[in-house]
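Required output: the full structure, derived from the provided sequences and hints.
There are 2 protein chains.
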Amino acid sequence: MLRSHTCGELKIEDVNKEVTLSGWVQKVRDKGGLIWIDLRDRYGITQLLIEEGRSDNSVVEAARKLGREFVIKASGKVIERESKNPNILTGSIEIDLTGIEILNASLTPPFTIEDNTDGGEELRMKYRYLDLRRQPLRKNLELRNRLSIETRKYLDGQKFFEIETPYLIKSTPEGARDFVVPSRMNEGQFYALPQSPQTFKQLLMVAGYDRYYQLVKCFRDEDLRADRQPEFTQIDCEMAFVEQDDILSTFEGMVKYLFKTVKGIDCAELPRMDYADAMKYYGSDKPDIRFGMKFVELNDVAKNKGFQIFDDAELVVGIVVEGCADYTRKQLDKLTDFVRKPQIGAKGMIYVKCLSAEQAGNGDGSFKSSVDKFFDQQALKEWADKMRAKSGDLILVLSGETEKVRKQLSELRLEMGNQLELRKSGVFAPLWVVDFPLLEWDEDSGRYHAMHHPFTSPKPEDIDMLDTKPGEVRANAYDLVINGVEIGGGSIRIHDRDLQKLMLKHLGFTDKEAQDQFGFLLNAFEYGAPPHGGIALGFDRLAALFGGQDSIRDFIAFPKNNSGRDIMIDSPSVIADEQLDELKLKVVK
Amino acid sequence: MLRSHTCGELKIEDVNKEVTLSGWVQKVRDKGGLIWIDLRDRYGITQLLIEEGRSDNSVVEAARKLGREFVIKASGKVIERESKNPNILTGSIEIDLTGIEILNASLTPPFTIEDNTDGGEELRMKYRYLDLRRQPLRKNLELRNRLSIETRKYLDGQKFFEIETPYLIKSTPEGARDFVVPSRMNEGQFYALPQSPQTFKQLLMVAGYDRYYQLVKCFRDEDLRADRQPEFTQIDCEMAFVEQDDILSTFEGMVKYLFKTVKGIDCAELPRMDYADAMKYYGSDKPDIRFGMKFVELNDVAKNKGFQIFDDAELVVGIVVEGCADYTRKQLDKLTDFVRKPQIGAKGMIYVKCLSAEQAGNGDGSFKSSVDKFFDQQALKEWADKMRAKSGDLILVLSGETEKVRKQLSELRLEMGNQLELRKSGVFAPLWVVDFPLLEWDEDSGRYHAMHHPFTSPKPEDIDMLDTKPGEVRANAYDLVINGVEIGGGSIRIHDRDLQKLMLKHLGFTDKEAQDQFGFLLNAFEYGAPPHGGIALGFDRLAALFGGQDSIRDFIAFPKNNSGRDIMIDSPSVIADEQLDELKLKVVK
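Residue numbers (the working numbering), protein chains in the order written: chain G, 1 to 589; chain S, 1 to 589.
These are calculated hints, taken from the structure and not from any lab test.
Any given hint might turn out to be false.
Examples of chain S residues toward chain G, derived with CB under 10 Å [said to hold, decoys possible]: (1) 73; (2) 77; (3) 169; (4) 240; (5) 571.
Straight-line alpha carbon distances no greater than 25 Å define the calculated BS3-like cross-link-like pairs of lysine-lysine that follow [said to hold, decoys possible]: (6) 159/S to 153/G; (7) 303/S to 256/S; (8) 303/S to 159/G; (9) 139/G to 381/S; (10) 373/S to 586/G; (11) 17/S to 159/G; (12) 512/S to 263/G; (13) 373/S to 256/G; (14) 153/S to 139/G; (15) 459/G to 501/G; (16) 347/S to 263/S; (17) 589/G to 589/S; (18) 153/S to 217/G; (19) 586/G to 586/S; (20) 584/S to 584/G; (21) 153/G to 153/S; (22) 126/G to 512/S; (23) 589/G to 584/S; (24) 263/S to 153/G; (25) 347/S to 260/G.
Glycine is no exception: its CB is placed at the ideal position from the N, C-alpha and C atoms.
See the structure below:
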């Protein structure tokens, strides 16, 4: 027996018990006559005490050989501590040691195993098994485990079946790039790893399974942006005989359940926002609604007043930053620099300070703006009234082409949210964004692409615009957004073969291509496909959000770096020529 | 709203409710004035009633257009049935229809959607989404879902964390053949899909996670025998600071919990059988102990009595088949034919009938054997006494080289178990087989291979035989066997770098090969690896066993055929030249 207890469970009630613990040496403090060892395992830290003279000599000697991260088995009696530590679970007791056995020695780790380590990113990735010993990572993976347990509990309670779909499937050119897997038994042919189990879950609905879910790995061979992983995990769900509202309320229930059980937070009803409104009022299809600063469009009060830049703009639009009329010239210049950054791309920024009587003391008037030359106090008051700006507030305005200026102002809004610390971690503001466009124009290929995917159902009332105004057709598609992050998305699917064929035609598939790639799904639709729809949530992202962090990497046990490499195991790697021969493949450099 | 209730929930208490159901038309019976429709969904079947004259004309007309597997939405009032059907959940009621809406039509399915379908294997694989509508398959997947839920519940209760390990890992030549995945971002390099998360779960133990599990897909590119799948699911587990007994008792607990919660069966304590005993008494490392017929070795009573075949044999060994002394010549000849089949390979079979007084009526004596020429009544009585055969029993004896004859007799034993219906489905006899050999000799490569895997710990007391008698070194390795099927296996792992290097050397790895392939694990062992061990259970197999079936295929939603093909989606398939170019690959035929 290697332990009678873990390092996280002994309490004052256990005093006088003879116990055996096993774990890692976190720290040894040798104060001459007294030696303390902090022994660590997943469950906590327990203090071990050795007293020269009183403790057995062999124990003293063994203790003096220990280094950081040695693995030991320690036996002794639980005693009450003289100076208690209320910050740890076992802080009232220590173990008066009678035996130490070194189970394994350890080299000195290349970085410290502490909450704030001295190890750099690259080094910690290489020694991931050591980095994973640190408490912050352990807590992340524990949270992830808890989230998966509770997700399954909720969906099981809602009569969903978890059904595993295959990983070795078929490559389709639509969407992102597939990872492929050469088949040895079928020469020159390849499987593909799933980008999502989309078609399989739809087939399960055709098969009558009614409610399906799966926590499932998905794969995309994309050029990795920061914080993207080639393999990622989805909570993948599908329901039959439902309309959009049924799905939203089922998964709103899940979101509330997870916040309650995992974070102890009561969530109010989730707001539902049209895609069009999200773009109009937040300039984003994933608005962070933890704070206000909704966009106000100013065309009617700002255009045709002789200011050329506004007059030439398609849209003049601004936000009110509460209580910031006292921003200095320097602060305002920094904001102008921010919106001018190439990745944001605005030409400039207009501000209006709505001064309080005190601030405006010198009699210059209540409004001080960067466009005083073109707009008098009355004109600026009109702006302020329209924007419901109060005295003491700051108005920031951008102008230009509608789509671009909305994106720019969205960035500025988020920046102001950050500066004013309105995007608080620990505060969660989930919402549904609904009524997404069905199609989006792709400049590169010069054709429309499915915004969600080719199986998404158009709104019935918009179908007749497919030929005339395809860009305006709305879909029965929805996203779950929390704190400005798209956590998941889904749609009601097409369940009619003819409509599906029509959609594929609009997406540029020939009949033959459609049949080659999706024939099995189109065929399935001939045999009694029920109305159905679903959703997929990014599980890595959800875990990071619940953990209050932006990066998903530390919520994945063994992530890959930005080149798609696992630097701990040094993969990918070259394979043996015999393996290539068996697969009838040759590498062509 | 597409339904107010499912097709499985309306009961006599619901009479007079106005309801809406949606589902598939299982059957339409049109008896002139009265039309009954059986409407089916995942939850059950509800009978719909239409009466010409009384029901709305549009409803009658719509009903007459319905075919099998049409998807409809049906509204009406719950009424009490005249002739109740106690066999179905909703058998007391029917729905007096006021409205039918056809949600989707259906072509006539290529086979019947009934418990016993008329469809052949190939056809049902192609239309898997229709086959999956049949109740037996639905029940299989429901059972599988229940098993996964309960497995997680048990392990969560035992403080295991489910931690996802990567799917894109590194190819290693040891063991079975890997599926590989070319990396586009790392030219000429490949990932491999995991055959198991073995090294990662060991690293999680080094990282201090203490108790890990995962229900995880694994991949092996093997030539597919019947009922093997290239991708399969494992319940994969690992524990730190444990000895073999800790693991056996934890997973014995899981087995009992699953039998209790999923099947309602109370399991007794699992017997533990040495590998050596399993081979000696059952000729198999996965004995089916639902029935007896333990082997009895007969060398001392059968050899050196002048019967050349026995005298030349290394082992003479037999089983007692209770109450079968009345077997006819024909029956016995068939058994001889059975053991002579090439896949079994015995030269012949000896029998001894232990006749009752009545059977032996003619005074020929109590024993009638196929070797009467060589063994008199007294000699045969010695056999019978040694084997504890009673009068009325049949003794079957094989002889030859020890290993071979044990395998042959094992097949004969199982065949007798089948013939006598002793291998009852619904009866479960789990056991642990322990103390497996560490190494097994491989004729092809002329060297020893790891019987379990290269990370398995030898028994400490056997380590010094590694050089002298490697074949006799026992491992801390164990299998979970139920009803003659190996459900899972595991071992205590090596956690010492030097011992691991020694093992790899014995397995024929050079130092460089060992470092190239397992360097990360060997390095990890330098930094405080705890004693650890684990187990992996075949989840597909477990589900099939619980479902009382031999084949795993119908416990997998979308299985592949024996050529590794998914014939529904027609995969694997050729991929576009552009895809190959991007991967810098060429197919060489």
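Now for the hints, and whether the structure bears them out:
no.	hint	in the structure
1	73	holds, 8 Å
2	77	violated, 20 Å
3	169	holds, 6 Å
4	240	holds, 8 Å
5	571	holds, 4 Å
6	159/S to 153/G	holds, 17 Å
7	303/S to 256/S	violated, 45 Å
8	303/S to 159/G	violated, 65 Å
9	139/G to 381/S	violated, 70 Å
10	373/S to 586/G	violated, 68 Å
11	17/S to 159/G	holds, 23 Å
12	512/S to 263/G	violated, 49 Å
13	373/S to 256/G	violated, 84 Å
14	153/S to 139/G	holds, 20 Å
15	459/G to 501/G	holds, 16 Å
16	347/S to 263/S	violated, 43 Å
17	589/G to 589/S	holds, 19 Å
18	153/S to 217/G	holds, 21 Å
19	586/G to 586/S	holds, 5 Å
20	584/S to 584/G	holds, 14 Å
21	153/G to 153/S	holds, 9 Å
22	126/G to 512/S	holds, 19 Å
23	589/G to 584/S	holds, 6 Å
24	263/S to 153/G	holds, 20 Å
25	347/S to 260/G	violated, 70 Å
Hints 2, 7, 8, 9, 10, 12, 13, 16, 25 from the list above are not met by this structure, while the remaining hints are.
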